[in-house]
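Number of protein chains: 2
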Amino acid sequence: MAGPQDDGLLGGFELNFYNDRMAPLLEIHQQQGAARRATLHLPHAKVETPVFMPVGTAATVKAVPQDVLESLGAQIVLANTYHLYLRPGHEVIRSLGGLHRFMSWPHALLTDSGGYQVFSLSNIRKVTPEGVEFRSHLDGSKHFLSPERSIEIQLALGADVMMAFDECTEYPAEYARAKQSLELTLDWARRSLDYFHAHLHEVPWAVPQGLKPGQFLAGEWPAVNGGPYPVSGAQSSVLNPESAVLSPESRVPSPSLFGIVQGGMYPDLRRESAERLVEMDFDGYAIGGLSVGEPRHLTREVIERTLEFLPKDKPRYVMGVGYPDEIVEYAQLGVDMMDCVLPTRAARHGLLFTSQGRVNIKNKQYAEDPNPPDPACACPVCGRYSRAYLRHLATSGEPLAATLNTIHNLAFYLDTMRRVRDSIRQGPQGNSPPSLNVEMADA
Amino acid sequence: MAGPQDDGLLGGFELNFYNDRMAPLLEIHQQQGAARRATLHLPHAKVETPVFMPVGTAATVKAVPQDVLESLGAQIVLANTYHLYLRPGHEVIRSLGGLHRFMSWPHALLTDSGGYQVFSLSNIRKVTPEGVEFRSHLDGSKHFLSPERSIEIQLALGADVMMAFDECTEYPAEYARAKQSLELTLDWARRSLDYFHAHLHEVPWAVPQGLKPGQFLAGEWPAVNGGPYPVSGAQSSVLNPESAVLSPESRVPSPSLFGIVQGGMYPDLRRESAERLVEMDFDGYAIGGLSVGEPRHLTREVIERTLEFLPKDKPRYVMGVGYPDEIVEYAQLGVDMMDCVLPTRAARHGLLFTSQGRVNIKNKQYAEDPNPPDPACACPVCGRYSRAYLRHLATSGEPLAATLNTIHNLAFYLDTMRRVRDSIRQGPQGNSPPSLNVEMADA
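Chains as they are written, first to last, in numbering that gives the first Met the number 0: chain P, 0 to 442; chain W, 0 to 442.
Keep in mind the hints are simulated off the structure, nothing from the lab.
Take the hints with a grain of salt, since some may be wrong.
Copies of the same chain look alike in the list, so a pair counts if it works inside one copy or between any two.
Said to hold, decoys possible - Cross-link-like lysine-lysine pairs, in silico, DSS-like; alpha carbons within 27 angstroms at most:
#, residue 1, residue 2
1, 61, 178
2, 61, 361
3, 363, 141
4, 45, 178
5, 141, 313
6, 363, 313
7, 125, 61
8, 361, 141
9, 361, 45
10, 45, 61
11, 311, 45
12, 125, 363
13, 178, 363
14, 311, 141
15, 45, 141
16, 45, 363
17, 311, 361
18, 363, 311
Isolated chain P, as found in the complex (with noise of 0.2 angstroms):
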């Protein structure tokens, strides 16, 4: 369906809205034990959970292009609002009709906050109650980041999901650290929330044609039914639920935002967190703060300790994991949603994930090896290339290297995730989730 924004520039680029008005955000199909299994209604498409999301830091998932991101079956993309806000700048995506126009992914995006990127790139220069200060990695111009500010540069790029604006607590952090750190993002949180409520209308696919941003308040909307705006139920608060009859507000699909647990390693904090920001009622909830150096035990623990206090009927979102066998126990102890650098990084170094484990491309071992990088694996990498021929690009130094490792590695992640879901409709009779057999050590 076409949004408003498809003024034929691209050809064939669509907003396509999801169009399902009264579902919920999370309609929840199948438990086994603690995992389940969901569609996420997101305005520009139905996610099927638990997922993985790819990340593209400069609305971009690095070496790999749109459509072959789709022929993966990637559902949601992760954009970093830090670097965006930086180069090319919010207002000049927004100005493009945003970033699924921008990029040209008319499926779904989630952006953080910048607050992580603030905290681990940049040169801040102050954190104070009111925002951070800090320094651009790339040119060292000054800039401040705010909740409020964090949530209007969100809007401008419009994701489907973005994130409350947060601080990211080091490991390890003391007691009283944590604690401190906590209640700052706990206010983060609840600015965040109401500047977001106040603006969500903003984002820039809720702009018909013609008008600016704003002025659709003012009442210049075309007919409900017989526009061209399909609605989503998404953002359940902006449907009058007594009637049938949308609110004006409700004539565009409207965006989510999660709010993000922290308290370091400390479960009575991380309960707190989970409770106050429960209390705030967010769409969907994130566990931050992990994957910062802990041992991988600690990690699950945070996790597992703080699903009990979050909502059963809402996303959750564990940012930042993980490798392969993680990504399967997280979602069996109940997540939803989560993100990783990982297999994008890792492929631009030659590290592969496959089904007989870890495999670096560049050893010697494989200079003559005729054999696909996974044997198991049907992604279209593996269904054409051979290890020998990966190694030489790799060793090589050749940039088909960083796109084809990429695709094996992101497929390799959606499979997984794909088979977790399976697993979980198949219920206790099917494969049980231990089976998925998910081989960590090298190959």
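Given chain P, put chain W in place with the hints provided.
Below, chain W without anything else, positioned relative to chain P:
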């Protein structure tokens, strides 16, 4: 049709021999002025000429997966013998079944002789009548290349078309120097041809599975007509023209060897070079030593005055040219084959060839330009992405920039040649070549 090496290790890969045993190497369909439209009957493909051959130096057209090359209609790819000899080594490629299988390109391939790269990339230690001693540009290791060695390496790679080992005469060159270089190249051409004729059946795809190279000459062959080895008539020298019975040597399709005309910018030396090569009876003829810094009118003049002395019934190949308007111009002169790094290399620097002229996509002026790179282009990049997005990718150093820019430029070159062929097909009533209107100014 499955080739002899189809052992099923790489799913779906077939050597795909083209089976038309009685066709000549070059089957001319139409002439329009000096231009001609023909089919080049090669072991792995029927190639429609005039043809532009993308350069795949290290067994990869940089940044572009093979399936994309297929979808763009690339018919034949050029690979560099010098690079593949140094890395991964021709014996590695031979052991993996040859270059077609190694890079998973079951269509036509051409390899150069390595001569040009030895003189332009390596540290030359000594040129003697015997050959060239040089040091690798990769690691400084010492190597020796001669006509015999070049053909031995090319046979191990197993391209459909191979090139005689030549010295690419530098520009400018004094007459005496050009004459001396020409004599060396003619001597090397003779030796290349002799070695080629003695060993041409050693191409990896000519070796039935289970046999070693060379064994086939001992008569260990399956029946001609019932055997699994389809035969192409491309190499008329291995057919017995007196009868319908194929000689034992012809039971597999054979590669072709082209001679290379040198002679600097001196018409009489070019004539001498052409005539003496033609006496040797190569399968086709290339014009080398161009695009080495000479002014463009001289390139054209040398091509025009060399073509006069090349047989009309054999393929003519101008090496290393050119801009889109040049490949149109030379096709009009009667050139059948061209190759150039320009579309691929320029793409990696952000230079796009379009119907409106050259576009440096990194320019600030494209930062918010929602239009496709070339509004008149039907390639997958122009069908999906905006100038603003391509500019963002290129200025951000994203690997996808090289991939998308290269796909567009190759599509533009391949489409240009398709239009040249169509124009010849339509005859004088149709689009005459000048109306192809290849705009070369900056957009």
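Quiz prompt | Indices of hints not satisfied (ascending) | solution = As far as the earlier hints go, 1, 4, 5, 6, 7, 9, 12, 13, 14, 15, 16, 17 and 18 are violated by this structure, in ascending order.
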